[in-house]
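Quick one: dock chain against chain with the hints and give me the complex.
The listed protein sequences derive, respectively, from chains A and B.
Sequential numbering of the first sequence, starting at 1, is according to the numbering used here.
Sequential numbering of the second sequence, starting at 206, is according to the numbering used here.
No wet-lab data here; the hints were simulated from the structure.
From a predicted model like this one, the values you see are computed outputs, not experimental measurements.
Honestly, I wouldn't trust all of these hints.
[Unchecked claim] Per the computed footprint, the stretches of chain B lying under chain A, defined by three or more beta-carbons under 8 Å from a beta-carbon of chain A, are:
| hint | segment |
| --- | --- |
| 1 | 281 to 288 |
| 2 | 315 to 321 |
| 3 | 327 to 338 |
Even glycine gets a Cβ: it sits at the ideal position worked out from N, Cα and C.
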Amino acid sequence: MSNAINEFIRGITKDNPVFGLVLGLCPTLAVTTSVENAIGMSAGTAFVLIASNILISMLRKQIPSAARLPIFILIIATFVSIVDMVMEAYTPPLYEALGVFIPLIVVNCIIIGRAEAYANKNNVFNSFIDALGSSTGFLLVLVLIGGIREILGTGQIVTFGYNIVAIPMMDPATFMILPPGAFLTIGILMAIVNHRKAKKLERGE
Amino acid sequence: MVEESLFAIFMDGIFIKNFLIIQFLGLCSFVGVTKDTKSAAGMSGAVIFVMILAATVSYILYTYILVPLDLQFLRLISFIVVIAALVQLVEFVVRKNVPALYRSLGIYLPLITTNCAVLGVVLLNVMNEYSFMQSIVFSVSAGIGYTIVMIMMSSIRERTTLVNVPSAVRGLPQAFLIATMLSMAFVNYFKVIPI
Numbered sequence: 001m002s003n004a005i006n007e008f009i010r011g012i013t014k015d016n017p018v019f020g021l022v023l024g025l026c027p028t029l030a031v032t033t034s035v036e037n038a039i040g041m042s043a044g045t046a047f048v049l050i051a052s053n054i055l056i057s058m059l060r061k062q063i064p065s066a067a068r069l070p071i072f073i074l075i076i077a078t079f080v081s082i083v084d085m086v087m088e089a090y091t092p093p094l095y096e097a098l099g100v101f102i103p104l105i106v107v108n109c110i111i112i113g114r115a116e117a118y119a120n121k122n123n124v125f126n127s128f129i130d131a132l133g134s135s136t137g138f139l140l141v142l143v144l145i146g147g148i149r150e151i152l153g154t155g156q157i158v159t160f161g162y163n164i165v166a167i168p169m170m171d172p173a174t175f176m177i178l179p180p181g182a183f184l185t186i187g188i189l190m191a192i193v194n195h196r197k198a199k200k201l202e203r204g205e
Numbered sequence: 206m207v208e209e210s211l212f213a214i215f216m217d218g219i220f221i222k223n224f225l226i227i228q229f230l231g232l233c234s235f236v237g238v239t240k241d242t243k244s245a246a247g248m249s250g251a252v253i254f255v256m257i258l259a260a261t262v263s264y265i266l267y268t269y270i271l272v273p274l275d276l277q278f279l280r281l282i283s284f285i286v287v288i289a290a291l292v293q294l295v296e297f298v299v300r301k302n303v304p305a306l307y308r309s310l311g312i313y314l315p316l317i318t319t320n321c322a323v324l325g326v327v328l329l330n331v332m333n334e335y336s337f338m339q340s341i342v343f344s345v346s347a348g349i350g351y352t353i354v355m356i357m358m359s360s361i362r363e364r365t366t367l368v369n370v371p372s373a374v375r376g377l378p379q380a381f382l383i384a385t386m387l388s389m390a391f392v393n394y395f396k397v398i399p400i
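Here chain B stands alone, though its shape is the one from the complex (with noise of 0.2 Å):
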């Protein structure tokens, strides 16, 4: 592997580990709310916007508290603590201050407590040793690869509602072979183009 340069992991984030295809993190979200586009962008935004503030925090955490006092072992305990704690705080502060984006985002909120992704971008940085700048980067790019995700396969789903298939194949198991293509997609990408 080339040395990580900030744009190769900004690149890896968002296709070659695509968190929802390529490394199967958020995957209920993934089939939970994408049944239609706007639900799926309210998630996606609500997901980029706590993955970010996780990231700087558990940073911070990580390097300030916990690696001096050698209590590294905490750190599961600690990180989802944070995140609970961080998605409540967001939610008090988005409902009263942007009422607005409250109403669009607000139902996700609570889900995002334990979804992976969120948890997994926090782990991956640590298991990866990765500076400040490269975990910023690399929790943007995840968050813009799930986003990209979440958008194709929401407007593919609504697309196929009205598709005459078997009812045993109707809901969760036509979602799963839409993935597969998308994932096929996805797959080739890495294959055709050595980074």
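For reference, chain A alone in the conformation it holds in the complex (with noise of 0.2 Å):
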């Protein structure tokens, strides 16, 4: 069980998809204007990573290695088209809010990267966990992203009609609403992880 959990925080921390593996970018930049797109977006992404997590631990050994890439492309793209369905029918206002992001979860290197380097040798319940703790870890990204550009692009952040934290700000800077505050704002925090990590490994040795 302790294996289990140890899965499950390498995906949080050193195995993170946005800081530790630098795969799925460019979702992590373009939806997160606000908490809330972020959350629908890692949602989106975590449904598809798990259950093709899961369907490909369960064929490993049906699926020929030769022809492994296309037919993890097929499982992830029937899974992405019904996400984009389902969100499409359910929540109209964030699937407009998404566009053409959601259909490029398919493109996301976090979910292929997944399937060949561990889905691929590991049993169900073990692939199940990765999927999850690294899901945890692109959503607690994408979160801590569109928190820092929401509330310092609009001095509040309001997510599903609840206004959770409101600063009073004379003059927000919309600077961080619009791209160049995407790119400042991971240049920062990863700067910020690297020179964590330097430290940790200073003190390791």
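Next comes the structure, spelled out in structure tokens:
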């Protein structure tokens, strides 16, 4: 059981999709204009990641290794189509806001990366835990970036109709909601992560 | 918005809806292969080439096969298969017939299958309901916009390799900070010039 917990934690810290492996940058930067969009995007990605990891892990003995990548892509594309249609039917505003990035989950390197590196070699339960960890890591990073950008850009965080935080600001920096704000936020966060990693390495040795 | 003339779509694709800097499509290659100008140029050439081909083929597929048979829900699966097959085909043809081009573009071609920019062009063409001519113009201009930004970014990164920055900032964070400034220039473009 402790093994499963370790696998789960690893997806959040060491193998974090964005800061650890630097995968899936496009959705990370594009949809994090608000916390709400960030949660919607990571929910879609999490569903596809977990479902495809479980299915690929079930079929891992049947999939011939020469043809594995096309098969992975077809499995992933099927689940992405499901997410696309469900979101269009039940959450139209979120679907409008995320736009082309929902179908683009299919080329998100996190999913095919986990399929190739993990689900293809491990049993169903471990693959499920691995997918759960990676999705949680992705969700945390997206919410962090979305939160920073939304609070600096608009002075408040409004998620699904609830006003969570509001800071009285004279002149919110609209800059943070625009594309440059995304690059600035991830650049600074990545520098902090690198700094922490270097510190840890120093102490370890 | 004014009516979508071909010229408006062209300028939109290059500057206002720039793929890398405004829409965040294809960022993996943006931070991955911009370490020197030569590979950035090679990658851009391959992307333009595949974008135009993919837009043509997917337009034909969508309009003449998927729509008449009422199979639009299969569009994502069919587009990704078409792009993957197309990249393989282009690789074979180029290797056989134009070895010189293959040597400069060859290693970038496999990267393109999972590049969101190519799939993004195809999906945006369908979402905006562009006609054949409009989708070709949009994919050409998207490719040109991609190239401009890739070349600018790689030249700046080449020039800043020897700059003395803190070790934590070196590498990816530095690339993102450069991208911030490039992006500021592009964002102000569409604020200053109202189209």
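Against the structure, the hints come out as follows:
no., hint, result
1, 281 to 288, "holds (count 4)"
2, 315 to 321, "holds (count 3)"
3, 327 to 338, "holds (count 3)"
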